[in-house]
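Undergrad: In the numbering used here, the protein residues as written are 1 to 323.
Among the hints, erroneous ones may be present.
As the list claims (entries may be wrong) - Ranges between beta-carbon positions, derived for each pair:
| hint | residue 1 | residue 2 | range |
| --- | --- | --- | --- |
| 1 | Thr172 | Ser220 | 58 to 68 Å |
| 2 | Phe146 | Trp72 | 48 to 58 Å |
| 3 | Arg46 | Pro88 | 22 to 32 Å |
| 4 | Phe305 | Glu83 | 26 to 36 Å |
| 5 | Gly243 | Pro69 | 38 to 48 Å |
| 6 | Phe179 | Leu55 | 36 to 46 Å |
| 7 | Ser280 | Thr172 | 21 to 31 Å |
| 8 | Leu126 | Ala156 | 25 to 35 Å |
| 9 | Glu83 | Phe179 | 48 to 58 Å |
| 10 | Gly243 | Tyr71 | 22 to 32 Å |
| 11 | Glu83 | Leu126 | 37 to 47 Å |
| 12 | Gly180 | Pro81 | 27 to 37 Å |
| 13 | Pro168 | Glu97 | 39 to 49 Å |
What the hints contain is simulated information worked out from the structure, not anything from laboratory work. For each residue, glycine too, the CB sits at the ideal point set by N, CA and C.
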Amino acid sequence: MTITAPSRPPLPKLAGPAPGRRPSRPAGDRGAGRTLISDTELRRTRGKVVYFSVLTVVTILFSLVFLFPLYWMVTGAVKEPAEFALTPPTFVPETFEPQNYALAWDRMNIARYFGNTVFYAVGGWLIQLVVDVGVAYALSKLRPIFGKLVLGLMLASLMLPAAALLIPAYLTVTDVPIFGVNLLNTPWALWLPAAANAFNIYVLKRFFDQIPNDLLDSASLDGAGRLRVLWHIVLPLSRPVLGVVSIFAIIGIWKDFLWPLLVLQDTEVQTISVALSRLSNTSQVPPTEMMAGLVIASIPMIVIFLIFQRSIIGGLSAGSMKG
1 MTITAPSRPP LPKLAGPAPG RRPSRPAGDR GAGRTLISDT ELRRTRGKVV
51 YFSVLTVVTI LFSLVFLFPL YWMVTGAVKE PAEFALTPPT FVPETFEPQN
101 YALAWDRMNI ARYFGNTVFY AVGGWLIQLV VDVGVAYALS KLRPIFGKLV
151 LGLMLASLML PAAALLIPAY LTVTDVPIFG VNLLNTPWAL WLPAAANAFN
201 IYVLKRFFDQ IPNDLLDSAS LDGAGRLRVL WHIVLPLSRP VLGVVSIFAI
251 IGIWKDFLWP LLVLQDTEVQ TISVALSRLS NTSQVPPTEM MAGLVIASIP
301 MIVIFLIFQR SIIGGLSAGS MKG
């Protein structure tokens with residue numbers, strides 16, 4: 001005689017998400033919790049109207065603040081000088097003379113100053129990477145005796161206004177200590193001060209701190225030296241933050257004005273920002289051609305920012321959290 005166990009009724013299914021899974025938000029509510037307004041207020045008609053009205057007004061205001069100077073610069077370059085000087089000004093050009101860009105390129109010798117700026121930006125970028133990566137790697141992984149003191153002094157320099165450092169930096173480049181060399185009107189007057197960038201060093205160090213030491217120790221046990229570990233392990237893992245530092249370095253040298261104005265006094269070696277400022281003080285350049293020169297000078301940095309804006313945000317936050 002075979003005895004069978006009584007069949008058990010099936011267990012009721014519990015409502016809710018499976019263990020380990022986050023509850024899914026309904027399709028209509030997705031993204032609602034990302035604002036300062038509660039979900040309950042957004043479900044009401046009045047809350048939606050107020051929220052989207054304020055959002056639209058703020059978006060339009062910020063767009064005007066940031067985009068109107070660019071619009072004014074681009075449209076002013078295609079006007080006639082007489083229309084450009086009208087009072088009140090015309091916001092929509094009544095004349096259209098795109099040849100002002102070609103005239104500005106030829107008469108103001110923008111090609112030469114453009115090439116000077118590209119040379120300074122590329123050279124400064126390479127030197128900043130070499131110096132800042134080396135310092136950040138030493139402070140993060142080699143851990144020298146007075147490393148924390150050095151890092152604290154570098155971060156303290158960020159608290160000082162840039163204008164307060166102009167005179168000491170200028171005296172240094174005019175008579176470099178120990179070597180006694182005058183660096184005025186040379187690329188090194190821009191490259192060496194730019195290499196001592198405390199912000200870039202701090203960003204790189206914070207990223208290097210997140211790289212596991214066990215990985216570097218394993219490479220050292222296999223016979224890799226410090227430089228080989230840096231080149232083959234640390235730098236390939238640090239591509240996001242290296243991209244951010246590279247963008248900051250290029251943009252910083254390209255848009256800098258006051259320091260190149262002090263150290264590049266020879267007109268043949270000036271950057272485009274300094275050259276345009278010098279030419280604007282002469283009566284030989286019409287204001288419309290000056291505006292065209294400003295547009296040409298700003299195009300590379302606008303393009304770089306639009307292309308790498310996600311890399312800037314992602315690289316800055318890449319080493320900010322563990323896990």
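Undergrad: Between glycine 180 and proline 81, does the beta-carbon spacing fit 27 to 37 Å?
TA: At roughly 50 Å between Cβ atoms, proline 81 and glycine 180 fall outside 27 to 37 Å, so the hint is violated.
Undergrad: Does the Cβ distance between proline 168 and glutamate 97 fall inside 39 to 49 Å?
TA: Once the Cβ atoms are compared, 47 Å apart, the range 39 to 49 Å for glutamate 97 and proline 168 holds.
Undergrad: Could you tell me whether the CB distance from glycine 243 to tyrosine 71 stays inside 22 to 32 Å?
TA: holds, 30 Å
Undergrad: So the hint says 26 to 36 Å: do the beta-carbon atoms of phenylalanine 305 and glutamate 83 match that?
TA: holds, 31 Å
Undergrad: At the C-beta level, are serine 280 and threonine 172 separated by a distance inside 21 to 31 Å?
TA: holds, 30 Å
Undergrad: Just tell me: holds or violated, for the beta carbon distance of phenylalanine 146 and tryptophan 72 against 48 to 58 Å?
TA: At 52 Å between Cβs, range holds.
Undergrad: Regarding glutamate 83 and leucine 126, is the given constraint of 37 to 47 Å on their beta-carbon distance met?
TA: Cβ of glutamate 83 to Cβ of leucine 126: about 45 Å, so the range 37 to 47 Å holds.
Undergrad: So does phenylalanine 179 sit 36 to 46 Å from leucine 55, Cβ to Cβ?
TA: violated, 58 Å
Undergrad: For the pair threonine 172 and serine 220, does the Cβ-Cβ distance stay inside 58 to 68 Å?
TA: violated, 38 Å
Undergrad: Is the distance from the Cβ of leucine 126 to the Cβ of alanine 156 consistent with 25 to 35 Å?
TA: Between leucine 126 and alanine 156, where Cβ atoms are some 27 Å apart, the hint holds.
Undergrad: When you take the CB atoms of glycine 243 and proline 69, is the distance between them in 38 to 48 Å?
TA: With a Cβ separation near 27 Å, glycine 243 and proline 69 fall outside 38 to 48 Å, so the hint is violated.
Undergrad: Can you let me know if the beta-carbon spacing of arginine 46 and proline 88 is within 22 to 32 Å?
TA: violated, 40 Å
This entry does not satisfy hints 1, 3, 5, 6 and 12, going by the numbered hints stated previously.
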